[in-house]
Amino acid sequence: MWVVQTATAFAAVVTVPATVAPLEIHNNSATRYMVVDSIWSWQLLGTAVVWSHTPWAQVGAAVYSANTALVFYGGSGLSFTSSTSQEARTAINQTVVANGWQAFPGSTMNFGLAAATPGGANVGLVEGRLVVPPDSALHVAVSGSVTTASAFHCGARFHWAIP
9 MWVVQTATAF AAVVTVPATV APLEIHNNSA TRYMVVDSIW SWQLLGTAVV WSHTPWAQVG
69 AAVYSANTAL VFYGGSGLSF TSSTSQEART AINQTVVANG WQAFPGSTMN FGLAAATPGG
129 ANVGLVEGRL VVPPDSALHV AVSGSVTTAS AFHCGARFHW AIP
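Residue 9 is where the sequence shown starts when you use this note's numbering, and the numbers rise one by one after that.
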């Protein structure tokens, strides 16, 4: 099981995501599939109004315009940093083609903070319903009822499978 998340906060979009993915996880393996277990968003910065947010994900063509050195953490204490030679590698703020953005059970927060403090996390239980084949990517984004700069982080948990 591997986990990776953004290191720099970003603003949510106010609609279903379309063409920007704050997090792209590229399956750079020649033979293995990434099976997605969960996605999440975490509200780093609130505002003085009550608001909600939802993490979204899709599987699509990899853009991977430049490597972003995010750290993948394994369930056994192992870790590695994304690089061009890794089987899983990351890029941020990629312009992507909308390919069926989805929210998953548990991922919508119906209320939010009403103060400028760190807030809640939403976890979408993907549970294997998204599978990333070789040379494709998982795109993760966040929609929110208010878009405040540097407000969110997002991430995903996955495991490897051989078809």
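A few of these clues could be false.
[What the hints assert, rightly or not] Label-pair restraints from in silico Cβ distances: (1) Pro142 / Ala77: 29 to 35 angstroms; (2) Ser93 / Pro113: 33 to 39 angstroms; (3) Leu133 / Trp168: 16 to 22 angstroms; (4) Gly128 / Pro171: 34 to 40 angstroms; (5) Ala26 / Ser93: 30 to 36 angstroms; (6) Ala74 / Gly136: 18 to 24 angstroms; (7) Thr155 / Ser93: 34 to 40 angstroms.
It is worth saying that the hints were derived from the structure and are not from the lab. Where is the CB? At the ideal position from N, CA and C, for every residue including glycine.
Verification of the hints:
{"no.": "1", "hint": "Pro142 / Ala77: 29 to 35 angstroms", "result": "22 angstroms, violated"}
{"no.": "2", "hint": "Ser93 / Pro113: 33 to 39 angstroms", "result": "36 angstroms, holds"}
{"no.": "3", "hint": "Leu133 / Trp168: 16 to 22 angstroms", "result": "19 angstroms, holds"}
{"no.": "4", "hint": "Gly128 / Pro171: 34 to 40 angstroms", "result": "37 angstroms, holds"}
{"no.": "5", "hint": "Ala26 / Ser93: 30 to 36 angstroms", "result": "31 angstroms, holds"}
{"no.": "6", "hint": "Ala74 / Gly136: 18 to 24 angstroms", "result": "30 angstroms, violated"}
{"no.": "7", "hint": "Thr155 / Ser93: 34 to 40 angstroms", "result": "36 angstroms, holds"}
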